[in-house]
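A.B. asks: Here's the letter readout for the chains.
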Amino acid sequence: MLNALIDLNATTYAWPGQPTLLDIESFSLLAGEKVFLKGPSGSGKTTLLGLLGGVYVPQSGTIELLGQNLASLSAVQRDRFRADHTGYIFQMFNLLPYLSVVENVTLPCRFSTLRRQRALERHSDLTVAALDLLNGLGLADPALLARRVTELSIGQQQRVAAARALIGSPELVIADEPTSALDADSREAFLRLLFAECDAAGSSLLFVSHDSSLEALFDRALSLRDINRAATAPELT
Amino acid sequence: MYLLQLAFKSLGNRRFSAILTVLAIGLSVTLLLAVEKVRTEARASFASTISGTDLIVGARSGSVQLLLYSVFRIGNATNNIRWESFEHFSEDRRVDWAVPISLGDSHRGFMVMGTNGDYFEHFRYGRRQPLAFKAGAPFDDLYDAVLGADVARELGYDLDTEVVLAHGTGAVSFVDHADKPFRVTGILEKTGTPVDRTVHISLQGMQALHVDWQQGMPARGAANVSAEAARELDLTPKAITAMLVGLKSRISTFAVQRDINQYNGEPLLAILPGVALQELWSLLGVAEKALLVVSGFVVLTGLVGMLTAILSSLNERRREMAILRSVGAKPRHIFGLLLLEAASLALAGILLGLGLMYLGLWVSQPFILTQYGLYVPITPPGMYEWGLLAAILAASVLMGSVPAWRAYRQSLADGLSIRT
Ligand SMILES: Nc1ncnc2c1ncn2[C@@H]1O[C@H](COP(=O)(O)OP(=O)(O)OP(=O)(O)O)[C@@H](O)[C@H]1O
Ligand SMILES: [Mg+2]
Numbered sequence: 001m002l003n004a005l006i007d008l009n010a011t012t013y014a015w016p017g018q019p020t021l022l023d024i025e026s027f028s029l030l031a032g033e034k035v036f037l038k039g040p041s042g043s044g045k046t047t048l049l050g051l052l053g054g055v056y057v058p059q060s061g062t063i064e065l066l067g068q069n070l071a072s073l074s075a076v077q078r079d080r081f082r083a084d085h086t087g088y089i090f091q092m093f094n095l096l097p098y099l100s101v102v103e104n105v106t107l108p109c110r111f112s113t114l115r116r117q118r119a120l121e122r123h124s125d126l127t128v129a130a131l132d133l134l135n136g137l138g139l140a141d142p143a144l145l146a147r148r149v150t151e152l153s154i155g156q157q158q159r160v161a162a163a164r165a166l167i168g169s170p171e172l173v174i175a176d177e178p179t180s181a182l183d184a185d186s187r188e189a190f191l192r193l194l195f196a197e198c199d200a201a202g203s204s205l206l207f208v209s210h211d212s213s214l215e216a217l218f219d220r221a222l223s224l225r226d227i228n229r230a231a232t233a234p235e236l237t
Numbered sequence: 001m002y003l004l005q006l007a008f009k010s011l012g013n014r015r016f017s018a019i020l021t022v023l024a025i026g027l028s029v030t031l032l033l034a035v036e037k038v039r040t041e042a043r044a045s046f047a048s049t050i051s052g053t054d055l056i057v058g059a060r061s062g063s064v065q066l067l068l069y070s071v072f073r074i075g076n077a078t079n080n081i082r083w084e085s086f087e088h089f090s091e092d093r094r095v096d097w098a099v100p101i102s103l104g105d106s107h108r109g110f111m112v113m114g115t116n117g118d119y120f121e122h123f124r125y126g127r128r129q130p131l132a133f134k135a136g137a138p139f140d141d142l143y144d145a146v147l148g149a150d151v152a153r154e155l156g157y158d159l160d161t162e163v164v165l166a167h168g169t170g171a172v173s174f175v176d177h178a179d180k181p182f183r184v185t186g187i188l189e190k191t192g193t194p195v196d197r198t199v200h201i202s203l204q205g206m207q208a209l210h211v212d213w214q215q216g217m218p219a220r221g222a223a224n225v226s227a228e229a230a231r232e233l234d235l236t237p238k239a240i241t242a243m244l245v246g247l248k249s250r251i252s253t254f255a256v257q258r259d260i261n262q263y264n265g266e267p268l269l270a271i272l273p274g275v276a277l278q279e280l281w282s283l284l285g286v287a288e289k290a291l292l293v294v295s296g297f298v299v300l301t302g303l304v305g306m307l308t309a310i311l312s313s314l315n316e317r318r319r320e321m322a323i324l325r326s327v328g329a330k331p332r333h334i335f336g337l338l339l340l341e342a343a344s345l346a347l348a349g350i351l352l353g354l355g356l357m358y359l360g361l362w363v364s365q366p367f368i369l370t371q372y373g374l375y376v377p378i379t380p381p382g383m384y385e386w387g388l389l390a391a392i393l394a395a396s397v398l399m400g401s402v403p404a405w406r407a408y409r410q411s412l413a414d415g416l417s418i419r420t
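Chains as they are written, first to last, in our numbering: chain A, 1 to 237; chain B, 1 to 420.
Read the hints as simulated data drawn from the structure, not as lab findings.
The model shown is predicted, which means the values in this text are computed figures rather than measured ones.
Fair warning: there could be bad hints in the mix.
Covered stretches of chain A, going by a simulated chain B footprint (3 or more residues, C-beta under 8 Å) [to be verified]:
id, stretch
1, 67 to 81
2, 94 to 108
With the Cβ distance kept under 7 Å, some of the chain B side facing chain A (calculated, not the full set) [stated by the list, open to error]:
id, residue
3, N315
4, R319
5, A329
Beta carbons are placed, not taken as given, at the ideal position from N, Cα and C, and that holds for glycine.
All chains, full assembly: derive it from the sequences and hints.
C.D. replies: Below, the structure written as C-alpha cells:
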C-alpha cells in the first residue's frame, strides 16, 4: 500500500490471563488521513492505541509505523520511536499540573530530539513554537497562558494537550476520546481547530471514540468491531 | 538535566509534604551531627584533663575511682594516704617531682583543694600546657586562695575577695569555717578542665581549718583556735588525699608503680593517668555509643518518613507517569525521576541539618562553655562527618529506589492508559 502510515497485519493481542481482545486482519491509515475509529467501552480501543504507540507488543502479526515493524525494535527504541513520531491526546487530565501551559506543550521536545529539531526549523525557539500552536488552537490570551493548568477549563486543557501532541509535527496524532468531557458545540469547535493544525503540521489523525455523532467530520470512519475478529457483542451498559 | 527540573517542579507541586519531609530529615541530621560533635569534643577535652603526670597515687581502691576524685573531683576518697608515705616517695631518686593533693572542703559547690606551690609549676593539661595566672600569683600566706577561672567568674570574685570555706563537699553545707576566712590572691586562666572549678589553698591552710576539730565537728568555747593562733602551730598535714608524681624517666614508670603498689607502710595504689582515662572513657563509651545509635535511628526514621511520603504520592501520580510516558519518557526516566526526588529531598534535609547544627552551635557555644566547661569550636565538618552525611545520602538513594522501582513497574504495566 502506498504511503501507509500505519499498517496492521493479522495482529492479535490478549492481556495476560484474558481471552484474545484484538485480532485485526488488516488496518491501515494513510499519511495525512483523519480517521475516526469507533467502538463501545471495553472493546479495546485504548489497548489498540497502546499497541500503535509500541507500549505493548502484539502476540502475533505485525504493526508497522512509517514502514518500521515495531516488534523488531527494543523497548527503548520503541519509546524513542513513539516520542519522535506520535503525539497523544487523552480523554482528560492530559497536563502535568506543576508545569506551565507552555512547558506542558514543549514537553515532547524534551524527550525527542527529532521533534525538537522540527519545531525549531520553523520557529526561533520552543516557546515561540508552542505559542504559535496555542494561538492556532484559540489560546492566545497571555493572561490565560499565565494561569496554572489546573485552573483552565476542560476544553482549554484539551486544546493545550492538542498543541502538545502537534508540536514538532509528528507524523501521527492519536486522540483517545479527547472530546468526551466537552459539550457538543465545543466538541465540534475543538475538532475543527485540531484538523486545521493537523493539516498545518502534516500529521495524520487517528481519533477513537464511542460517540459516533462526530464521525461525519472525518475523512473516514470505521468501527473497531468491523475490523476486530475477536470482537464480542457490545456490553449492555 | 531536564529530569532534575521536573523532579523539582513535581516536588514543588507537593510543597507541603516535601517541606515536612525535608524538615524531618534536617532535624534528624542536626541531632546526629550535634551528638557527634559533642562526642568528639567531650572525648578530646576528657583526654586532655591531665597530662605530663606519670602516676597518680592514692589509697588503695579502684583505679577509676582514684582518677575520678583526684582529677575530676567527683566522689570521695575512701581513705587518705599518710604524709610519711608522701615524703617517702617524693624523695625516691627516680621521682622528679611529687605534688600532694588534699580534698574534702568546698566553697558554694566548688571543690577546695589543698596543695603546695609545686602544683602550679608541675600540673599540665591538654598538650602539656601549664597553668597560667590571669591575675595575681600563687598562694603565699596561710590564708591565701587561688581560684579556678569558673569559680571567679560564676561567683563574681576578684583579687582580695574574702572567701569562707565550708566543711564537706555538698553545695549546701551546714558547717563552715567562718572563723578562718581566706583571701583571693590569684585567679587562673580558663583551662576547660576541672581545675576551673577548684579553689586552691595551701595544705597548711587546710590543716589550719581543721586543727581544732574533734570528731568531725568544730571545737567550741575554749578549745577553739583562732585564725591567728593557728599560725603558731605546727601545720604539717597528717594525711593527704592523693599525690601526683612526675618521673625523671618514663622508663621507670612501671617499676615505680610496682614499688608503690607493694609499699609496706600502707596499702597504696598508683595509676597511669592515660590508662585510667582510657578505662573510664570505655565505661562512658557505652553511653556515648548508645547516643550515636539512637541518633542514627532518628535519621533512619526521617528517611522512612521520606519513603512513606513518596510511596503514598505514587498512586495519585500514575497519571503523571502515563503522561510522561506518552511524550516519550522511558521507564528509566520514571525511575530516575523518583530517585532524583528522593535524593533532592535528602540533600535538602542534609543541608538544612548542617545549617541548623551550625546555627545551634553558634547560639549555644557560650552556654555550653559556661555551663559545662566544654569549649566546642565551630569547625567545618571533618572527614568523618562528611562520611556520615554521604552515608545518609546513599541510604536515601537506596530507599528512594523502592518507590522508583514501583513507579517503574507501574509505568510499564499502565503504559499510556491513564488510571487513577
Ligand atoms: N493494563 C491492563 N491490564 C489488564 N487488562 C487490561 C489493561 N488495560 C485494559 N485491559 C482490559 O482490556 C479490555 C479493553 O480495555 P480498553 O481500555 O482497551 O477498552 P476501551 O475500548 O479503551 O474502553 P473505554 O472506551 O472505556 O476507554 C478491558 O476488558 C480491560 O479490562
Ligand atoms: Mg479507552
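A.B. asks: Count the residues of the stretch 94 to 108 of chain A whose Cβ falls closer than 8 Å to any Cβ of chain B, and tell me whether that reaches three.
C.D. replies: Holds, because 8 residues of the stretch 94 to 108 of chain A bring their Cβ atoms closer than 8 Å to Cβ atoms of chain B.
A.B. asks: Against chain A, is N315 (chain B) within 7 Å by beta-carbon distance?
C.D. replies: violated (14 Å)
A.B. asks: Using Cβ atoms only, decide whether A329 (chain B) comes closer than 7 Å to chain A, and label the hint accordingly.
C.D. replies: Status holds, d = 6 Å.
A.B. asks: Can the hint on R319 (chain B) be confirmed by a CB-to-CB distance to chain A that is less than 7 Å?
C.D. replies: holds (6 Å)
A.B. asks: With a Cβ-Cβ cutoff of 8 Å, does the stretch 67 to 81 of chain A contain at least three residues near chain B?
C.D. replies: The restraint on the stretch 67 to 81 of chain A holds, since 4 of its residues have a Cβ under 8 Å from chain B and three suffice.
Checked against the numbered hints given earlier, this structure breaks only hint 3.
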